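4 protein chains.
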Amino acid sequence: MTPKTTKVTIWNEWRHEKHKPEVAKLYPKGIHGAIADHLSTVPGLSIRTGVLDEPQHGLQLEVVNDTDVMLWWGHLHHGEVADEVVERVHQRVLDGMGLIVLHSAHFSKIFKRLMGTTCDLKWRVDTDEREILWVTRPGHQIVEGIDDHFILDHEEMYGEYFDIPEPQTTFLISSFSGGEVFRSGCTWTRGAGRIVYFRPGHETFPTYYDKNVLRIIENAVRWATPTRPPRRVEFGKRERGWLDGK
Amino acid sequence: MTPKTTKVTIWNEWRHEKHKPEVAKLYPKGIHGAIADHLSTVPGLSIRTGVLDEPQHGLQLEVVNDTDVMLWWGHLHHGEVADEVVERVHQRVLDGMGLIVLHSAHFSKIFKRLMGTTCDLKWRVDTDEREILWVTRPGHQIVEGIDDHFILDHEEMYGEYFDIPEPQTTFLISSFSGGEVFRSGCTWTRGAGRIVYFRPGHETFPTYYDKNVLRIIENAVRWATPTRPPRRVEFGKRERGWLDGK
Amino acid sequence: MTPKTTKVTIWNEWRHEKHKPEVAKLYPKGIHGAIADHLSTVPGLSIRTGVLDEPQHGLQLEVVNDTDVMLWWGHLHHGEVADEVVERVHQRVLDGMGLIVLHSAHFSKIFKRLMGTTCDLKWRVDTDEREILWVTRPGHQIVEGIDDHFILDHEEMYGEYFDIPEPQTTFLISSFSGGEVFRSGCTWTRGAGRIVYFRPGHETFPTYYDKNVLRIIENAVRWATPTRPPRRVEFGKRERGWLDGK
Amino acid sequence: MTPKTTKVTIWNEWRHEKHKPEVAKLYPKGIHGAIADHLSTVPGLSIRTGVLDEPQHGLQLEVVNDTDVMLWWGHLHHGEVADEVVERVHQRVLDGMGLIVLHSAHFSKIFKRLMGTTCDLKWRVDTDEREILWVTRPGHQIVEGIDDHFILDHEEMYGEYFDIPEPQTTFLISSFSGGEVFRSGCTWTRGAGRIVYFRPGHETFPTYYDKNVLRIIENAVRWATPTRPPRRVEFGKRERGWLDGK
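Protein chains in written order, with our numbering: chain A, 1 to 246; chain B, 1 to 246; chain C, 1 to 246; chain D, 1 to 246.
Think of the hints as simulated: they come from the structure by calculation, not from any bench. Here the structure is a predicted model, which means the values were calculated and not measured. Built from N, CA and C at the ideal position, the CB exists for glycine as well. Treat each hint with caution, since some may be false.
Said to hold, decoys possible - Think about it this way: if two alpha-carbon atoms lie no more than 27 Å apart in a straight line, the pair counts; the simulated DSSO-like pairs of lysine-lysine are:
(1) C:20 - D:237
(2) B:4 - C:7
(3) C:211 - B:4
(4) A:4 - D:7
(5) D:4 - A:7
(6) A:237 - B:20
(7) A:237 - B:112
(8) A:18 - B:237
(9) A:211 - D:4
(10) A:4 - D:211
(11) B:237 - A:20
(12) D:18 - C:237
(13) A:29 - A:7
What the hints assert, rightly or not - Label pairs and their in silico Cβ distance ranges:
(14) A:66 - B:240: 41 to 47 Å
(15) D:46 - B:238: 53 to 59 Å
(16) C:125 - D:66: 35 to 41 Å
(17) C:53 - D:79: 30 to 36 Å
(18) C:244 - D:53: 42 to 48 Å
(19) C:28 - A:209: 53 to 59 Å
(20) B:43 - A:56: 54 to 60 Å
Turn these sequences into a full structure, and let the hints guide you.
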């Protein structure tokens with residue numbers, strides 16, 4: 001039994017990094033590049049990236065249908081993502097592709113499409129906001145290797161109420177210096193696909209170089225990997241007796 | 001404390017009843033009329049109906065925003081429901097309105113919008129298909145007064161896999177003569193709103209005169225009633241210290 | 001239809017109040033007395049109390065079987081509660097009685113029996129610990145009338161990981177001055193019974209006089225009320241054809 | 001990175017096989033032996049067995065603490081399993097060990113201990129009872145390689161209501177010739193441990209030689225494997241500032 005390669009596509013809006021010097025300095029290859037640099041060191045993963053300004057945002061049908069796990073980072077330009085591409089990614093999730101939604105991608109079309117809610121929240125960017133992330137589901141694959149909590153010294157605040165369907169698993173809850181809390185690590189399934197929301201990752205902080213953050217992203221990729229080549233479920237009319245005929 | 005009136009809107013496509021004589025005979029006032037006849041006898045409910053061919057399908061903004069619980073039956077003309085009306089109903093659910101999705105409305109735009117999945121399934125209409133519905137959450141308000149099972153001698157078959165998010169509660173599971181099973185009673189929340197899916201109700205069978213079916217619909221209306229006038233949740237930016245200022 | 005009375009039994013260990021002057025001063029009638037004083041003002045409730053040092057802890061079979069909703073507060077003497085009484089309360093919950101588990105009763109025999117886990121947590125009693133409780137399920141009956149958060153200026157800290165099964169609904173999450181978080185409001189069902197855990201309530205603070213705390217307890221009693229007289233589910237052998245014979 | 005071996009302990013009551021000739025004929029090595037024969041062919045698993053009549057039922061502390069995934073089959077002698085052994089297995093599950101509960105072990109002490117309910121159900125043994133098992137969570141690891149349903153020509157009937165907490169995932173629902181339905185494949189977590197209930201497996205039928213049944217058991221072992229050596233979570237008192245001191 002040869003171990004299979006998991007095909008990962010990291011998608012990023014990639015606008016902040018081009019227009020804001022301080023973000024460019026932090027993420028010279030883009031946020032997708034920082035994540036790709038780490039995931040490239042993980043055995044068994046094959047990494048691709050896609051960005052908003054490529055044709056079809058780099059998410060052509062053949063790319064999407066050849067992806068096992070997709071990561072998504074977006075912020076101010078969700079509206080520019082073509083509906084056709086969103087529907088394509090949506091169908092692929094239902095067929096089994098894992099989807100890892102990062103930080104401000106809570107407002108991405110694809111996440112709202114899958115959740116059926118506004119995915120809205122409270123927020124604040126402050127210079128001295130500390131985030132403490134607490135593990136609320138020890139033993140879950142996504143928090144393998146993580147202590148009972150970890151700290152990010154500087155992050156954007158996201159506060160409840162976070163308008164999402166009740167998660168199937170809440171694996172991380174954050175507190176912030178200002179007193180707010182947030183369900184920072186959640187999972188759901190839609191069709192055959194596994195979905196993860198993972199909160200941290202504001203573009204002006206070096207979050208995607210933090211070892212705990214990278215470990216969780218790496219674990220999440222493994223957890224969200226389909227157990228076999230994604231395959232469409234069959235529906236529709238069935239004559240009486242079809243069970244015996246099979 | 002005077003008991004409050006729950007404002008109910010029963011929505012029906014109302015096409016089968018007009019075009020198919022056998023359906024017209026079974027439901028001379030339409031499926032919405034049969035349900036309205038029963039709910040009108042329940043104390044504390046105020047009943048309205050809406051149908052596809054009315055202006056805005058009878059779901060003007062003031063009607064939707066004055067509804068506590070909406071019931072929805074549709075079958076072959078889901079595509080004719082205006083997107084603008086769907087978005088209006090969607091927002092109202094997030095604000096707290098209960099929504100009871102009946103039978104073939106599993107494919108309605110509003111249900112798919114809230115679930116984030118295809119809501120597809122297997123199906124068959126046969127003349128001798130018996131459905132047995134088993135209670136899988138005794139003590140739930142929606143099955144109050146229902147024995148451990150009940151039987152519908154003639155119904156359409158719906159079979160798994162039913163492409164829905166894992167329900168928060170599965171209160172009924174059906175078996176059919178052909179050997180299929182189906183999660184026939186399920187609940188979810190989206191935003192502040194409670195959603196019920198209740199399977200039976202094919203237009204060529206007298207399902208909406210069955211006392212168990214009517215009892216479950218009546219119970220579901222009570223369960224899905226908002227606990228106070230639906231109110232929009234507030235989101236957005238919060239300066240540090242806003243907690244102390246409140 | 002005359003509104004039915006909900007029979008409530010408030011159970012309290014009632015030892016701190018007798019042995020510690022500062023607790024006696026805060027709760028001269030005991031914690032159960034403070035809660036009873038409030039619930040007695042709520043229409044439709046009939047209130048009883050029980051304490052550890054009564055015969056059978058005041059939970060004779062006829063009392064338990066005549067209770068619709070039970071509240072439970074205990075702290076240092078969980079081990080003195082007779083197993084026979086615990087089994088009696090357990091069976092009554094499965095039959096449909098609501099159970100509201102308060103604060104340090106997370107370690108009560110009955111809660112651990114229902115959860116199947118240790119129900120352990122981190123904790124700290126400090127003089128300047130502020131608890132902020134955030135609503136994470138707006139529209140739920142238990143948070144009716146509660147803003148998006150409320151604050152208790154002085155409380156004991158409870159911190160994650162809280163060893164409970166994944167809640168069916170998490171309606172409140174707390175942050176504390178020390179940076180910890182806690183799932184402070186959770187619900188589950190077991191058999192036909194609804195169970196609520198509600199965190200605040202350390203004996204050295206006036207928590208049970210706080211209007212938000214009392215409102216939540218009152219709402220929780222309503223939410224946990226069985227929809228009909230609790231009734232035992234029937235199990236066991238069924239001959240083929242029993243369905244047709246009914 | 002060398003692949004780790006998963007240590008599996010298959011526990012069986014092993015009484016039917018010794019006292020009933022027809023069971024002995026079907027399972028000459030015992031039900032545990034039949035399952036062990038299959039799992040021994042799966043790469044990466046190391047298999048041990050334990051039975052009721054061994055000292056400490058073969059579940060000495062060192063065996064339990066050296067087990068990653070335990071399978072449990074029992075039927076008429078649940079009461080003979082020592083409470084001390086049950087507590088040992090319970091703690092190990094909370095620490096992360098996977099537990100796969102088979103068929104009539106729904107009534108085992110360990111399953112009831114973890115669920116907090118009676119785990120009771122309806123049942124019938126008939127000579128011509130056919131079970132059809134339907135996949136209700138495609139894409140789940142436990143149903144990898146399974147079609148949308150599979151059939152067991154002869155099995156015992158189990159019928160709802162099955163008195164379990166609402167499952168986190170229901171991956172299989174059965175129908176029976178008699179018209180009953182049952183949630184035949186369910187998962188929960190307790191502490192760090194993953195728990196599977198898998199229904200089929202009456203001792204008088206060759207169920208544990210069915211390829212779909214064996215595939216599901218094999219998949220379930222993989223799914224329930226702890227992601228790292230099981231480790232006890234730490235609880236208890238924490239002084240203010242402990243976060244900064246770490």
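Consistency of the hints with the structure:
{"no.": "1", "hint": "C:20 - D:237", "result": "holds, 21 Å"}
{"no.": "2", "hint": "B:4 - C:7", "result": "holds, 23 Å"}
{"no.": "3", "hint": "C:211 - B:4", "result": "holds, 24 Å"}
{"no.": "4", "hint": "A:4 - D:7", "result": "holds, 23 Å"}
{"no.": "5", "hint": "D:4 - A:7", "result": "holds, 23 Å"}
{"no.": "6", "hint": "A:237 - B:20", "result": "holds, 21 Å"}
{"no.": "7", "hint": "A:237 - B:112", "result": "holds, 20 Å"}
{"no.": "8", "hint": "A:18 - B:237", "result": "holds, 25 Å"}
{"no.": "9", "hint": "A:211 - D:4", "result": "holds, 24 Å"}
{"no.": "10", "hint": "A:4 - D:211", "result": "holds, 24 Å"}
{"no.": "11", "hint": "B:237 - A:20", "result": "holds, 21 Å"}
{"no.": "12", "hint": "D:18 - C:237", "result": "holds, 25 Å"}
{"no.": "13", "hint": "A:29 - A:7", "result": "holds, 20 Å"}
{"no.": "14", "hint": "A:66 - B:240: 41 to 47 Å", "result": "holds, 45 Å"}
{"no.": "15", "hint": "D:46 - B:238: 53 to 59 Å", "result": "holds, 54 Å"}
{"no.": "16", "hint": "C:125 - D:66: 35 to 41 Å", "result": "holds, 39 Å"}
{"no.": "17", "hint": "C:53 - D:79: 30 to 36 Å", "result": "holds, 34 Å"}
{"no.": "18", "hint": "C:244 - D:53: 42 to 48 Å", "result": "holds, 44 Å"}
{"no.": "19", "hint": "C:28 - A:209: 53 to 59 Å", "result": "holds, 57 Å"}
{"no.": "20", "hint": "B:43 - A:56: 54 to 60 Å", "result": "holds, 58 Å"}
The structure shown violates none of the earlier numbered hints.
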